[in-house]
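Residue numbers (numbering that gives the first Met the number 0), protein chains in the order written: chain A, 0 to 747; chain B, 0 to 144.
No lab work stands behind these hints, which were simulated from the structure alone. Fair warning: there could be bad hints in the mix.
[Said to hold, decoys possible] Computed Cβ-Cβ distance ranges for the label pairs, DEER-style:
| hint | chain 1 | residue 1 | chain 2 | residue 2 | range |
| --- | --- | --- | --- | --- | --- |
| 1 | B | L60 | A | R732 | 42 to 52 Å |
| 2 | A | P87 | B | R143 | 57 to 67 Å |
| 3 | A | R732 | B | V16 | 51 to 61 Å |
| 4 | B | S4 | A | P423 | 49 to 59 Å |
| 5 | B | R143 | A | G547 | 27 to 37 Å |
| 6 | B | V16 | A | P87 | 18 to 28 Å |
| 7 | A | D660 | B | S4 | 29 to 39 Å |
Backbone N, C-alpha and C fix where the C-beta goes; we use that ideal spot for every residue, glycine too.
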Amino acid sequence: MARLIRSEKEVEGRYTEQWIVVEEDTLEQWPEGPLDAVGRPARRLDGLQRARGEARYTADIQLPGMLHAAVLRSPHAHARVKRLDLEPASAAPGVRAVLGPLNEEIGYQGQAVAAVAAETLDQARAALHRIEIEWDELEPLLDPDEAVRRRELVAERTQERGDVELGFAEANVVVEAEYRTQNVLHNSMETHQAVCEWEGGERLTVYISTQSIWGVRENVAEHYGLPPDHVRVVCRFMGGGFGSKNSAGDYTYIAADLARATGRPVKCALTRSEENLDAGNRNATLQRLRAGARSDGTLTALEGEFVNATGWDGWLSSTGGPMEMLYGCENVRIAEYGAKLNTGPMKAFRAPGFVEGTFGLECLIDELAAKLGLDPLEFRRRNHSDSDAVDGRPFSSKNLLECYRRAQPHWDRRDEVRGRSAGPWKRGVGMASQIWYGGGGPPSYAWVRLGADARATVITAMQDIGTGTTTVMAQIAAEELALPVDRIDVSLGDSARGPYAVTSAGSSTVSSMGPAVRAAAADVATQLLEIAAQRFDLEQRSLSLRGGNIVSADGGSWPVEEITGLLESGQIIGKGSRGPNPTGMRVLTFGVQVAEVAVDVETGEVRVERIAAIHDVGRVINPLGASSQVEGGIIQGLGHTLSEERLLDPRSGVVLTQTLDSYRMPTIADVPEIVTELIDVPDEHLTNLGSKGLGEPPIVPTSAAIANAIRDATGADVRALPITREEMLRALREASERRPERVEAPAA
Amino acid sequence: MLELSVNGQRHALDAPVGASLAQVLRDELGLTGTKIACNEGHCGACTVQFDGIPVLSCLTLVHTVDDREVTTIEGLRDHPLVEAFVRADATQCGFCTPGQIVSAAALVAANPSPSGEEIRYGMAGNICRCGTYPKIEEAITSWRG
Numbered sequence: 000m001a002r003l004i005r006s007e008k009e010v011e012g013r014y015t016e017q018w019i020v021v022e023e024d025t026l027e028q029w030p031e032g033p034l035d036a037v038g039r040p041a042r043r044l045d046g047l048q049r050a051r052g053e054a055r056y057t058a059d060i061q062l063p064g065m066l067h068a069a070v071l072r073s074p075h076a077h078a079r080v081k082r083l084d085l086e087p088a089s090a091a092p093g094v095r096a097v098l099g100p101l102n103e104e105i106g107y108q109g110q111a112v113a114a115v116a117a118e119t120l121d122q123a124r125a126a127l128h129r130i131e132i133e134w135d136e137l138e139p140l141l142d143p144d145e146a147v148r149r150r151e152l153v154a155e156r157t158q159e160r161g162d163v164e165l166g167f168a169e170a171n172v173v174v175e176a177e178y179r180t181q182n183v184l185h186n187s188m189e190t191h192q193a194v195c196e197w198e199g200g201e202r203l204t205v206y207i208s209t210q211s212i213w214g215v216r217e218n219v220a221e222h223y224g225l226p227p228d229h230v231r232v233v234c235r236f237m238g239g240g241f242g243s244k245n246s247a248g249d250y251t252y253i254a255a256d257l258a259r260a261t262g263r264p265v266k267c268a269l270t271r272s273e274e275n276l277d278a279g280n281r282n283a284t285l286q287r288l289r290a291g292a293r294s295d296g297t298l299t300a301l302e303g304e305f306v307n308a309t310g311w312d313g314w315l316s317s318t319g320g321p322m323e324m325l326y327g328c329e330n331v332r333i334a335e336y337g338a339k340l341n342t343g344p345m346k347a348f349r350a351p352g353f354v355e356g357t358f359g360l361e362c363l364i365d366e367l368a369a370k371l372g373l374d375p376l377e378f379r380r381r382n383h384s385d386s387d388a389v390d391g392r393p394f395s396s397k398n399l400l401e402c403y404r405r406a407q408p409h410w411d412r413r414d415e416v417r418g419r420s421a422g423p424w425k426r427g428v429g430m431a432s433q434i435w436y437g438g439g440g441p442p443s444y445a446w447v448r449l450g451a452d453a454r455a456t457v458i459t460a461m462q463d464i465g466t467g468t469t470t471v472m473a474q475i476a477a478e479e480l481a482l483p484v485d486r487i488d489v490s491l492g493d494s495a496r497g498p499y500a501v502t503s504a505g506s507s508t509v510s511s512m513g514p515a516v517r518a519a520a521a522d523v524a525t526q527l528l529e530i531a532a533q534r535f536d537l538e539q540r541s542l543s544l545r546g547g548n549i550v551s552a553d554g555g556s557w558p559v560e561e562i563t564g565l566l567e568s569g570q571i572i573g574k575g576s577r578g579p580n581p582t583g584m585r586v587l588t589f590g591v592q593v594a595e596v597a598v599d600v601e602t603g604e605v606r607v608e609r610i611a612a613i614h615d616v617g618r619v620i621n622p623l624g625a626s627s628q629v630e631g632g633i634i635q636g637l638g639h640t641l642s643e644e645r646l647l648d649p650r651s652g653v654v655l656t657q658t659l660d661s662y663r664m665p666t667i668a669d670v671p672e673i674v675t676e677l678i679d680v681p682d683e684h685l686t687n688l689g690s691k692g693l694g695e696p697p698i699v700p701t702s703a704a705i706a707n708a709i710r711d712a713t714g715a716d717v718r719a720l721p722i723t724r725e726e727m728l729r730a731l732r733e734a735s736e737r738r739p740e741r742v743e744a745p746a747a
Numbered sequence: 000m001l002e003l004s005v006n007g008q009r010h011a012l013d014a015p016v017g018a019s020l021a022q023v024l025r026d027e028l029g030l031t032g033t034k035i036a037c038n039e040g041h042c043g044a045c046t047v048q049f050d051g052i053p054v055l056s057c058l059t060l061v062h063t064v065d066d067r068e069v070t071t072i073e074g075l076r077d078h079p080l081v082e083a084f085v086r087a088d089a090t091q092c093g094f095c096t097p098g099q100i101v102s103a104a105a106l107v108a109a110n111p112s113p114s115g116e117e118i119r120y121g122m123a124g125n126i127c128r129c130g131t132y133p134k135i136e137e138a139i140t141s142w143r144g
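Hey, can you work out the whole structure from these sequences and the hints?
Structure follows, in structure tokens:
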């Protein structure tokens, strides 16, 4: 039965309280551990399509009569359009429509100014050169601290609990440090793109590379004043997003505007250079942190000022979140600022804020542990929080101590690892903890239909952004229907062909969609047994589904086909929805990573040799796909830690890294040994599955674990990402100049 | 008029001077398994083979192909590597995967039992932003099943 509740909704750490209509979740959780389909490694349902090049991405969409758009973008970081003449471009060969000015005041390099649609992409690009434009160049604001001084802020936030001054007064040891993290770019392999096609003036179909079919539908309907049902959004396969494709963008509206002007479908696809300018980024941060602890390792105070280089637009991701949430410290004060700058707008990037904030916090914690002469793992255990550190709420489940226990053997390798230091190569081991969201929530819906051939199809308008959620949904339906996974199909990727599904952001697809799919499959199972009871003249409650059969309590067994066969062209249709989250509880994910590194102290070269990742994300549906998520997160974290950086010219604000040779992402040659361990215990309070999300947690602790391993190897405190050779050599110089520090006497 | 031999089939077509092989494969021949991700020769998503040698089709002018035999992912659909990639879960978003398999097919043709080091060397030109690299190495190591 539908129920109206007032509930907290969380996406990537942003909470809003709102009315939500939910259906009760009446199914009991399955028992722990591998079942028939759930909890067992499964091949991707669409793996062959992807591997054979048959998967059809937005980039592959070719519609009859389709035109191609090209976009004129600002070469300046801050400027006003003084004069714009599109006329010469409209007269260029092949051009069918021009659009502009799209923005009069330009806030960052790469912001769209005008667009052209032509018969071919080459013609559209050539026509851009004919556009006449004059600029008033303005001074760009590029320094985040300066923006804070001038109060040029996108947002700001302060949080305080306890008495921080008192906390520091009670501390025997206080450490203070400034950390910096850089701007990094998502650089999905498929650039942002859309194909738009109008039917008359009232209906619009958008083929788009997106993480949020329903979000794009809402954006586009609102933009054009259309009923949302008149906007159809299609994304069957998409080539990566990592947070950058959570909504419609300029390219979507450019394609739709040009399609409306010409009466023909239009594709607008970003080039790689445009992708590096105007597709979002993980904002740079400046973190000024202070921590105090008693001699026994009890944290007494944490304080942080966090300046995010948000850019021209975007939101204030919570860089202070880990400081607030990770440890049971009574006195915490954070101040967060989002600096509005003449740089490209930030967008969510795989655990936004927490990746950056965990680097600072977890490095600081290790510095504190070192000063106290305490083992870093033991220090973390002592400051474990049994209930939510912010408001004391119980956790729906938390197995971080179990993660620490399973980390111990990896941590215990450090004597052996250090012992392998040779010549200029120093080796060491470091760790860092992870806290993040991932519980998902309502609404999300699924239908399941079962045909006469005893094959089932899961129908929902969700997207699979490459994480393998298609396969996970099939496993869940297979488990509930007691059918082999290869008897299940999943129909997704089209808002016109299925019910509402959650956005694939905030590690929420499995935790939101999975319970809805299970409920829909259970609805089918119930109907199937109802029919079987009538057919065999048995009590329905004596019947159940097992291994493709309908079995009765008295030992009878019939293949499911005996009942489904009666349907002929009929179908059994089940529907399911995501129930509410547990009230009064905090739903979070946890983990720890242990990194082993080698540092050449003469050249500053850093090599990561091994990372062990232990995470608690509730029940694991597909261990094979889950290990891929962990590896992928760590490898992106490796790029963030060692090589990736969007570089700006410090005077003009022009992006110097617009290609994939200058913006250096990890290759297969950079990858260390990765060991994945998942706790795999269902969260007993969360939904009928007990599963949380796994997309983001693995990237959260990687950079701090590596930096702490570097300290273990060399004694040098790395304070900035990426850890270039310059930063490494600076830290080594600083360490050699530093006098040995004395542990302060315990307080009386 | 231009003649191209792709996956054992001969094609006669017109292409403007300056057109890349990737563009012609995708737009004229409908072979969209070859992906364009950077269009500047840095990522490997557009990899095809010329007489068995991996080349970047986004940087190759179609008029320079001459009589070399072009093999795309569509010509390698029955290669055991395809199954090995799926078995090892060596595809996430999948946009780079066809290029990875085309490169890997050239690698194992020249060296049927490559070491981990040889795989990392041979595959370093193919970027995967999802980070499937450990699984790619596993797929190539076990490509014969």
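Q) Among all the numbered hints in the text so far, which are the ones the structure does not match? A) Of the numbered hints, all hold.
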